[in-house]
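Engineer: Listed below are the residues making up each chain.
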Amino acid sequence: MASGIKDRVAILGMGCARFGERWDVDGETLMVEAYTEALEDAGIDTSSIEAAWLAVGMDAFNIGPSAIPASVALRLDNIPVTKVENYCASGTEAFRGAVYAVASGAADIALAIGVEKLKDTGYGGLPVRSRGTMFDMIGVVGSAPGSFAQLAGAYQARHGIPPQDLKRAMAHVSVKSHANGAKNPKAHLRKPIDMDTVINAPMVAEPLGLFDCCGVSDGAACAIVTTPEIARALGKKDLVTIKALQLAVSNGWELQGAGWDGSYVHTTRIAAERAYREAGITDPRSQLSLMEVHDCFSITELVTMEDLGISPVGGAARDVLDGFYDADGTLPCQIDGGLKCFGHPIGASGLRMIYENYLQMQGRAGERQRRQQPVFGLSHNLGGMPNQNVCAIAIVGLEGA
Amino acid sequence: MTGIVAFGAYIPRARLQRAAVVEANAWYNPALRSHAKGEKAISNWDEDVVTMAVEAARDCLADRDRSDIRDIFLASTTLPFSERQNSVIVKEALNIADEVGTLDVCGSQRAGIAALIQAMAAAPETGHNLCVASEKLNTRPGSEGELLRGDAAAAFLVGRHDVIARKVATFRISADFVDHFRESGSAFDYDWETRWVRDEGYAALAGAAIEGVLERGGCRPEEVDKFILAAPIRGVAASVAKQGGINAAAVVDDLGQSVGIAGTAHPLLMLAHCLQSAAPGARILVLGFGSGCDAILLERTDLEIAHPAPFGVGGWLARRRAEPNYLRYLSLAGHVEIDRGMRAEFDQKQPLTALWRHRKTVLGLVGGRCTRTGTVQFPRTDISVAPNGHFVGTQEDYPFAERTARILTFTSDRLTYTPDPPAYYGMIEFVEGGRMNAEFCDVEPEDVAVGREMRMMFRIKSIDEQRGFRRYFWKAAPTATTTKGSSDGQRN
Numbered sequence: 086m087a088s089g090i091k092d093r094v095a096i097l098g099m100g101c102a103r104f105g106e107r108w109d110v111d112g113e114t115l116m117v118e119a120y121t122e123a124l125e126d127a128g129i130d131t132s133s134i135e136a137a138w139l140a141v142g143m144d145a146f147n148i149g150p151s152a153i154p155a156s157v158a159l160r161l162d163n164i165p166v167t168k169v170e171n172y173c174a175s176g177t178e179a180f181r182g183a184v185y186a187v188a189s190g191a192a193d194i195a196l197a198i199g200v201e202k203l204k205d206t207g208y209g210g211l212p213v214r215s216r217g218t219m220f221d222m223i224g225v226v227g228s229a230p231g232s233f234a235q236l237a238g239a240y241q242a243r244h245g246i247p248p249q250d251l252k253r254a255m256a257h258v259s260v261k262s263h264a265n266g267a268k269n270p271k272a273h274l275r276k277p278i279d280m281d282t283v284i285n286a287p288m289v290a291e292p293l294g295l296f297d298c299c300g301v302s303d304g305a306a307c308a309i310v311t312t313p314e315i316a317r318a319l320g321k322k323d324l325v326t327i328k329a330l331q332l333a334v335s336n337g338w339e340l341q342g343a344g345w346d347g348s349y350v351h352t353t354r355i356a357a358e359r360a361y362r363e364a365g366i367t368d369p370r371s372q373l374s375l376m377e378v379h380d381c382f383s384i385t386e387l388v389t390m391e392d393l394g395i396s397p398v399g400g401a402a403r404d405v406l407d408g409f410y411d412a413d414g415t416l417p418c419q420i421d422g423g424l425k426c427f428g429h430p431i432g433a434s435g436l437r438m439i440y441e442n443y444l445q446m447q448g449r450a451g452e453r454q455r456r457q458q459p460v461f462g463l464s465h466n467l468g469g470m471p472n473q474n475v476c477a478i479a480i481v482g483l484e485g486a
Numbered sequence: 232m233t234g235i236v237a238f239g240a241y242i243p244r245a246r247l248q249r250a251a252v253v254e255a256n257a258w259y260n261p262a263l264r265s266h267a268k269g270e271k272a273i274s275n276w277d278e279d280v281v282t283m284a285v286e287a288a289r290d291c292l293a294d295r296d297r298s299d300i301r302d303i304f305l306a307s308t309t310l311p312f313s314e315r316q317n318s319v320i321v322k323e324a325l326n327i328a329d330e331v332g333t334l335d336v337c338g339s340q341r342a343g344i345a346a347l348i349q350a351m352a353a354a355p356e357t358g359h360n361l362c363v364a365s366e367k368l369n370t371r372p373g374s375e376g377e378l379l380r381g382d383a384a385a386a387f388l389v390g391r392h393d394v395i396a397r398k399v400a401t402f403r404i405s406a407d408f409v410d411h412f413r414e415s416g417s418a419f420d421y422d423w424e425t426r427w428v429r430d431e432g433y434a435a436l437a438g439a440a441i442e443g444v445l446e447r448g449g450c451r452p453e454e455v456d457k458f459i460l461a462a463p464i465r466g467v468a469a470s471v472a473k474q475g476g477i478n479a480a481a482v483v484d485d486l487g488q489s490v491g492i493a494g495t496a497h498p499l500l501m502l503a504h505c506l507q508s509a510a511p512g513a514r515i516l517v518l519g520f521g522s523g524c525d526a527i528l529l530e531r532t533d534l535e536i537a538h539p540a541p542f543g544v545g546g547w548l549a550r551r552r553a554e555p556n557y558l559r560y561l562s563l564a565g566h567v568e569i570d571r572g573m574r575a576e577f578d579q580k581q582p583l584t585a586l587w588r589h590r591k592t593v594l595g596l597v598g599g600r601c602t603r604t605g606t607v608q609f610p611r612t613d614i615s616v617a618p619n620g621h622f623v624g625t626q627e628d629y630p631f632a633e634r635t636a637r638i639l640t641f642t643s644d645r646l647t648y649t650p651d652p653p654a655y656y657g658m659i660e661f662v663e664g665g666r667m668n669a670e671f672c673d674v675e676p677e678d679v680a681v682g683r684e685m686r687m688m689f690r691i692k693s694i695d696e697q698r699g700f701r702r703y704f705w706k707a708a709p710t711a712t713t714t715k716g717s718s719d720g721q722r723n
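Quick mapping for you: the protein sequence lines, in order, are chains A and B.
So for the first sequence, my numbering puts the first residue at 86; every next one is plus one.
So for the second sequence, my numbering puts the first residue at 232; every next one is plus one.
So that you can see chain A by itself, here it is in the shape it has in the complex:
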């Protein structure tokens, strides 16, 4: 049986562009911004990179199709470059491609880069687009908040939690992420907010108000990975290695089958179980040091705390309100501000999460640095809608942990 990816690949360098409304630059420049930082961090030059994976979620609205835009923008040496798209999980998918290339021995050093230029549409929120011929005939063309908002009503119905209590817990999720984002110079939204602001914000999709929704941002992030041996040969110490990389994709059961009640994300539970097994983690609540999850909306983060097995099912609201997930809590979630405030340039998001865990492991997170040395950092990327989606989980950690 396959033994998994644990400790077979190390992060050699990472980079991340400043996220936000980057009216000043194209997607290509955002890629260059992230890439030059990663190259410098890795201490190599372009000629050492043997293969690359590019993630972009909505290429039609920004850099266009194929992997060519990355190859051209970064002037890669005519190496194999593959473009991946898997909804909002695309960033982690690019990372997975690069890590697997190194683990397989096909490449010594590989690059994963994710980018999204969303602010060229002329309107707020994600672009409206086709989701396929069949979907356009029988599906619901809702917004992203509309899709995820449905978790809330179903969660309330399942757990009998009063709407105002859930709304308060959701508000705390956002207040916490704003507090964290304020300390992050690369974050899109850097203004702390209070509970009342969240609760009284204009409604976007019942019960999600404006501050229950993450930012739609421009940005790019990238990772250069290699084997632990090569990393050491290049002079790297205290390596951050990949412990687990898992992906779970809906097969239609939630949307077409019977049994799913809409109050949780089925694929997250499956991917989490596989990831913990691959990483050798038996009690995630006590063993994980940091979490970067797909908080596209406050309710998503809340149910994800349960789906990842950190809070008991039906108990996330209590943990959230207790400050368990705050930056100074037991297990910080979104210490960099998360999608909520760091921002959500789709193709870059999965890599941005790994970037933060990597910085924190190395004690390079500046003002927001966790005092306690982190050991395992989990990142969780969710694409699609609660009823049909792609869940990607990456766990990175100190070598040997």
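No wet-lab data here; the hints were simulated from the structure.
Using N, Cα and C, we set each Cβ at its ideal position, and we do this for glycine too.
There may be inaccurate statements among the hints.
To be verified - Selected chain B positions facing chain A (in silico; Cβ < 10 Å):
| # | residue |
| --- | --- |
| 1 | Glu-576 |
| 2 | Phe-577 |
| 3 | Thr-592 |
| 4 | Gln-608 |
| 5 | Val-616 |
| 6 | Leu-639 |
| 7 | Leu-646 |
| 8 | Ala-654 |
| 9 | Gly-657 |
| 10 | Pro-676 |
Assemble chain B onto chain A, guided by the hints.
Structural biologist: For chain B alone, coordinates are given in the frame of chain A:
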């Protein structure tokens, strides 16, 4: 014996308050104040003649087997498609097999009654014909027509056996009497002077039709128990009846105060309403006026109504939401171009190839049932969704349209584009199995909750304004026939 076997109707839920229309337009035409009372039924942006016809047909057919329908007639002067047969869309939505005749009947206000007469004339020895009339007339803002006209549909199943109303006689007059006209492609009617229409049109032509049909039917005017004449001119039905020797008490309420006059569908709507309470032996005279005048004399038999319409005119009238917002009506009817935002720019081009491949799924809401495991699902797929057996190619058709569902998840979305925000949608689960993500229609904030019972309705999904095409699909509406808003003006 040929006649009506079953009947049904459809009236849209929103009722525009006439007072709101008058208040907005009286600055220009104070004479409109004489029409300030009552309300009229208005279809939403996602309803048209086809969707209303489907609902009326479902009401008529109730839980009957549809496999013995031979011909489907759809009468209207406001069909959404000039080419792409409208009645065949109705047929697809009703999930009736392809081996059936379909025919659009149009061109005059007489089309509805003409279609009913033809459906009866062509009634098969066994089986039935379905005749539906539906109207959604575009009226010019500030016009008298805007106040008098309403949207509605009615449907009749006709045949030679088990009739609840038998055809006694028919009489037809065809004459190019142009009381109003609408050139192909034009938005609005052009009306001639009411007094001339009343005297030379209704009095003369309808009078002759009454005389003709009663003579053929061997019926004296005073023996007519119910007299149905739909006219968008006040008092005409009563004066025509009087002139023809018909008792004033026989003149049937034209629903003008609650629905408005629904064009060519209106006499059929009134007939469906009348049949709900007509006593055995009652003689019902129905006129269809326009480019002449058609008349049909019916007699209610003593047969009980075997499959009563789930709603009927009365049920639809009670399922009501008062609409006091004239500007909202103008926007949804397309008379005012409000700022819809960039999200409305999304290209709705329909690949016609895919629509053809999936017409049962899309238009008929037909899903699949795995013949090995019994698992039902929507849509039907090559490999079953059943976790206990992903069998390949084992599915048979499984229709969902007439099945009750319950809300599993929901939201009201103010970000996504819809002409009538917010967009309500969520996942629904059918009581007998199967689930889908569905848009909700005819819904109020208090109607959406986990577990709430829903009924599927055939609606417009989106409109491709660039190419003039419209997608149809099914939406979920609350089953409860709630009444929203003040009933002031409904029947006063």
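Engineer: May I ask which of the numbered hints given earlier this structure violates, with the numbers listed in increasing order?
Structural biologist: none
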